[in-house]
Amino acid sequence: MLEKAFKGGPKYWAWIGFLLLIIGAGFCTYLTQLQEGMTITGLNRDVSWGFYIAQFTYLVGLAASGVMIVLPYYFHHYKKFKGMVIMGEFMAIAAVVMCLGFIIVDIGQPQRMLNIIFHPTPNSVLFWDMIVLNGYLILNVVIGWTCLECDRQRVSHPKWVKPLVYTSIIWAFSIHTVTAFLYAGLPGRHYWLTAILAARFLASAFCSGPAILLLVVFLVRKITKYEPGKGAIGTLTTIITYAMCVNVFFFMLEIFTAFYSNMPGHIHSIAYLFAGSHGHHELVPWMWTAAIFAFISLALLIPPKLRYNQKLLPWSLAILVIATWIDKGLGLLIGGFTPNPFNEITVYWPTGKELMISMMVYALGALTLTFLYKIATDVKREIGQLTTED
Amino acid sequence: MKQSRRNFLKFAGLSAAGLCIAPTAVMASGAPGHGADYKVNANHLHAKRWAMVIDTRKLNTEEAIEALAETCHHIHNVPTIDSDQDIKWLWSGTYGEVFPEQENNFPSEAQEKHRFPLLCNHCEHPSCVRVCPTKATFVRPDGIVAMDYHRCIGCRYCMAACPYGSRSFNFMDPRPHLDMDNINKKFPTRMRGVVEKCNFCVERLAVGEMPACAEKSGGAIIFGDLQDPDSNVRKALRENFTIRRKPAAGTEPGVYYII
Ligand code: SF4
Ligand code: SF4
Ligand code: SF4
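Residue numbers (this note's numbering), protein chains in the order written: chain A, 2 to 391; chain B, 190 to 448.
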């Protein structure tokens, strides 16, 4: 099947070339980082994780989101998702590839990375995160590839795939839970030190992830005439809407706990993010954009009339993605580190080089996704399942 | 760039040569492999749990603490970098910075004026050790939280976990920021991409000396065995009111402050 990724029209190759160009440019920047060290980033003594780890966290959510299709399809035999299952699984693969990429570029001594395996340390959450992420990658590669190959050969899926699928459904919850535990178990970081962090992560993953997936699927539909089916899109949008409601609700729980208890440590980060503190207001416009976009997206998704309006839907989803990205891809990390352990503010902002390297990882993910989706749609066309009825 | 490439080539060549020679050398010496020849220094200081008591009535000015920091940074080859990507093993802060959750709305004049020394607390339940994925940060049997710079992958998880901001990351190569003619040749320099912090002067304890800051403080910093009821630190704790930083974090710091 792999050969399908290497056959395509000029537009396909132009897109691949464009991605390779970004990857090349990003890689050159990454070489400077290897030469000069992490000093090329905007990180500092107090904010020791930044844009890279934030993107990693956001993309774990994207990886976990495939389960919102796989779960109804396998657990509830919701047949309308049949045409989308493979898309969710392949999206998960690309997302995990990006996650691993962001971890690698964030490490100060990448050549020693295997120390995590040579000296396994079960008391470190990072050790478990490595296990669940790689496990999820392998699960999705095996399941996705096997099922697609069987479809192509027009034979039924082998029996052993079923237990793997069930494992992968539970596993998807674990990858985001363990990633939340990376943050939630740290003393002295009040913004993260909350028991519902894992729940918040899952809620935000299950709205933002499927939203991105749907946006990509719309794009694929334009390019290849692939049609996931109106029913499938409608159901997924409903799932996104519910998840976003829960996501916003969970955030308000945090606000209540912090401000009604009046505990300074719990208030401080939120105050810094939304109002500024000690004369620093870097994130205030961003966070308010996120808050307002979150409510706009809800306003556009909750009324069924607007939700099922196919013209409006891509916009509602894009607004939702922006809101969740700011919350998790920017605010969560910086808010956790600010104020620092001395109750002071050290400002962090990603540098151009940091963004360039991040673009490389994103382009790498896009490349993976392009290859996988090319294969998937070609196979579907071959067996006449490119379009789903209804 | 050219220089460093040449260095790299030299290094690569030497490493390759070393790889060829090392096995033969080991065989020739007939060493049993596990360093049976190592001898512990006869003067090595031992304790069940090393701890520090800082008398801030005696040590509370920027200059005095800066002088100790200079000594510490000098003997440990800690670079001076003028940015917020700097390295600190010992430094000073205001009362509000050192004890952020124990601040008062009407502080005493002394408290407002004074500066307080900051360093790694060598906690009894160190969160930095709990999160480290490679065991590069570990607790020694004598309670010192030590680091293996050669093991560290630079993930900086320990920095996120330490509630005291005690750890520094080598964002850049520290060597250009050191006075290379004047470094302490008995202590290693670090490379970029690893984390470091105060090590309670383990290398000095190993040869029977007290930590440099304690030695130089003129009695303001007391260092000793917390588990020994007759030790000087226990005496100081018995006779004075002391507090520790951020007790709520549950790490049980090994550094006590007499206020
Ligand atoms: S002060 Fe921080 S770095 Fe030092 S032992 Fe405690 S947790 Fe670890
Ligand atoms: S930066 Fe080094 S010492 Fe810190 S947690 Fe990572 S591997 Fe351990
Ligand atoms: S104990 Fe040693 S390493 Fe730690 S601050 Fe004092 S002099 Fe520096």
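If you're looking for bench data, these hints aren't it; they were derived computationally from the structure. Positions of the beta carbon are idealized from the N, C-alpha and C atoms, including for glycine. You may find that some hints are simply not true.
What the hints assert, rightly or not - Listed next, with one range per pair, are the computed distances between beta-carbon atoms: (1) A:Asn263 x B:Glu251: 42 to 50 angstroms; (2) A:Lys80 x B:Tyr338: 27 to 35 angstroms; (3) B:Arg427 x A:Gly186: 46 to 54 angstroms; (4) B:Asp226 x A:Val142: 33 to 41 angstroms.
Stated by the list, open to error - Over the 12 angstroms line for every Cβ pair with chain B, so calculated as not near, a few chain A residues: (5) Cys148; (6) Arg190; (7) Glu228; (8) Phe338.
| Violated hints - listed by number, lowest first | 1, 2, 3, 4, 6, 8
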